[in-house]
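Residues 5 to 356 (this note's numbering) are what the sequence shown spells out, left to right.
Between beta-carbon pairs, the in silico distance windows are:
{"id": "1", "residue 1": "Pro92", "residue 2": "Gly309", "range": "40 to 48 Å"}
{"id": "2", "residue 1": "Arg223", "residue 2": "Ala174", "range": "19 to 27 Å"}
{"id": "3", "residue 1": "Asp321", "residue 2": "Asp136", "range": "28 to 36 Å"}
{"id": "4", "residue 1": "Asp136", "residue 2": "Asp66", "range": "19 to 27 Å"}
{"id": "5", "residue 1": "Val157", "residue 2": "Pro76", "range": "31 to 39 Å"}
{"id": "6", "residue 1": "Thr172", "residue 2": "Lys127", "range": "20 to 28 Å"}
{"id": "7", "residue 1": "Pro308", "residue 2": "Asp136", "range": "45 to 53 Å"}
{"id": "8", "residue 1": "Ala186", "residue 2": "Glu43", "range": "45 to 53 Å"}
None of these hints come from the bench; they were simulated from the model.
The C-beta atom is built at its ideal place from N, Cα and C for all residues, glycine as well.
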Amino acid sequence: MTPLTVPTGRLHTPGDLVAALPYLLGFHPVDSLVLVQLEAGAIARTLRVDLPAARNDRRAADELALPLRGRPGLRVVVLVIGGGRGDPPEELPREHLVACLEASLAHAGVPVTCAVWSPATAKGSPWLSYRDLGDSGSVPDPTTTAVAAEAVVRGFVTHRDRAALAATLAPDPEEALSRRSALLDQLVSAAGEHDHDDPATMFRRRELVRAQVAKAQHRTAPLTDPEVADLAYALSDLWVRDASMGDAIGPHAVGAERLWTELTRATPHPEMAEPATLLAFTAYVRGDGVLTRIALDRAQEAQPGHRLSVLLRAALDSGMPPSTVRNLAERAAAAPWLPTEADLAPEAADHP
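Make a model of the complete structure from these sequences and hints.
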């Protein structure tokens, strides 16, 4: 699944951009600061954070601006959604935060196109400019915008709020997780001493994952307990997991994200860290920073200090653009991680 890109020519007022936020973020933001990054005539990335405590305005502004330094051609739209105190239109909520952010962005060499406040992303909500209180309007119906139409065609889902999005990764009932954990224990016990080094075994595991990725886009029945256990065990082989990063692009990217999502819910700890990290990687590639963070949180819950998830979070925190992560996916897809079927043919001939 490629990122939801929106040409700025389709956004005629700040209200259009506010209405687009639920589709850019995957949920309706509440009490949020949103930085919409514009490059090459399109929305390149959308970053959302909870509104900081007022005493932390300056520090939050500096932290948000720092990763954007040194990116020629980048412009930013600052949006505050909600925020409590204020008396619009005479006084807007979080004016000090916006002033700090504009100063920090200017120091980083990033121009701010506009800064706007709105109480919500709902149809009819007022929006007002921090720079000119006379510059104002109403948010159009988010469901009727061009951005919404593209999102529907592309299969993007919009949730009520961030909590509802996080709930899509809530673990399955403990009873089910315990059954699968027992199956995983059996697989580990039955494995040969050198299974993780055996090319034929690695190939079979990768093919198992690849086949389930291809099925996932159209499969309606949930994975069975043995299927969950087999996939979780296959992904515990780090060569197989790393090769599976390439599934974030190409014709089966939607299926890959659906499979990683299901496995994040269905897999017991600590094995769940691998599909959760693959989900984070896939979400990062398509520019969904919120889902990336939620999935990384789940990975760390399952396996604190999990190396790949730590590296992905560092990349996200540093502002690494999705295009760079996509390059990693392309390299993963092209890399000769595992032997091919042809490579294994002579071995198969020697062992009928």
